[in-house]
Structures are given as C-alpha cells and as structure tokens.
Amino acid sequence: MAQKIVTTYVDDLTGEESAEISTHSVLIDGAGVEIDLTDKNYDALLEALSPYLHATGARRVRGGTAGKQQARKTTSNTDDAAAIRRWAKENGYDVSDRGRVPAPVKEAYEKAR
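Residue numbers (the working numbering): 1 to 113.
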C-alpha cells in the first residue's frame, strides 16, 4: 500500500495556507507561545512590538533556563532563512529553496555561529 503525506502550513493569524510560513516564539512574563506566521504577518508583529522593544528603559533579559531557551529561539527565528539555506548548502546539507528550514539545519547553523 502506498501512502502520500501532505503537510499544509497555515498562518495562525489569518488561516492562510502557504509554503512560506515560519514558526516564531514569543515570551512575555514567563509565558510563551509559538505562532506560525507568514513573513508579512511576522513583520507586522515586530512593527507592533517595536515601540516597546526599543523603549529607552527596555533591556534584554538573560539567564535562567527559560531565558536561554527564548534567546536561542529568537535568534533562530530572526535569522534570514536565505542565509541559513546558503550556509546549509555550503556545508553539505540538503535543503529546499522554499518552505521551512528543518530544525536540525537551524540548530547546526546556530552552533556553527
């Protein structure tokens, strides 16, 4: 028997289906969520948060397990997917030109940096 598995990526905000959706982690007051967004909606989220993230008294939080995990996730989510793909191809990883970059490739990229 043959099977065909189809993965559909859906923007959590709009319900839009797209191959260009990435998962982003958001942590506020110790409570976190992961949200799948198109680049357009992720940019809108960053724009909405920008005044708060760049406020004069705002400071980056470090330390603690949750803080370290969040810092690592934020770094991987804000990196340019094209740069990760370029690095992956130069280092022998098989990655597609579109869609999500596989988590093991992102982790290898982060470790190499």
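Check each hint, because a few of them may be wrong.
[As the list claims (entries may be wrong)] Derived CB-CB ranges, DEER-like: (1) 110 with 50: 35 to 43 Å; (2) 20 with 104: 16 to 24 Å; (3) 57 with 97: 15 to 23 Å.
[As the list claims (entries may be wrong)] Derived DSSO-like pairs (lysine-lysine); straight-line CA-CA distance at most 30 Å: (4) 40 with 106; (5) 40 with 89; (6) 111 with 4; (7) 111 with 40.
Bear in mind the hints are in silico, worked out from the structure with no lab data behind them. The structure presented is a predicted model; accordingly, all values stated were derived computationally and were not measured. For every residue, glycine included, the Cβ atom is placed at its ideal position computed from N, Cα and C.
Each hint tested on the structure:
1. One distance hint, 35 to 43 Å for the beta-carbon pair residue 110 and residue 50, is violated here, with the actual separation near 24 Å.
2. In this structure, residue 20 and residue 104 meet the distance hint of 16 to 24 Å, their C-beta atoms being roughly 20 Å apart.
3. At roughly 42 Å, the beta carbons of residue 57 and residue 97 sit outside the given window of 15 to 23 Å.
4. Distance hint between residue 40 and residue 106 is fulfilled; the C-alpha atoms sit about 21 Å from each other, no more than 30 Å.
5. The suggested pairing of residue 40 with residue 89 holds, with an alpha-carbon distance near 26 Å, which does not exceed 30 Å.
6. About 34 Å separates the Cα atoms of residue 111 and residue 4, which puts this hinted pair outside 30 Å; it is violated.
7. For the proposed pair residue 111 and residue 40, the alpha carbon gap of about 28 Å is at most 30 Å, so the pair holds.
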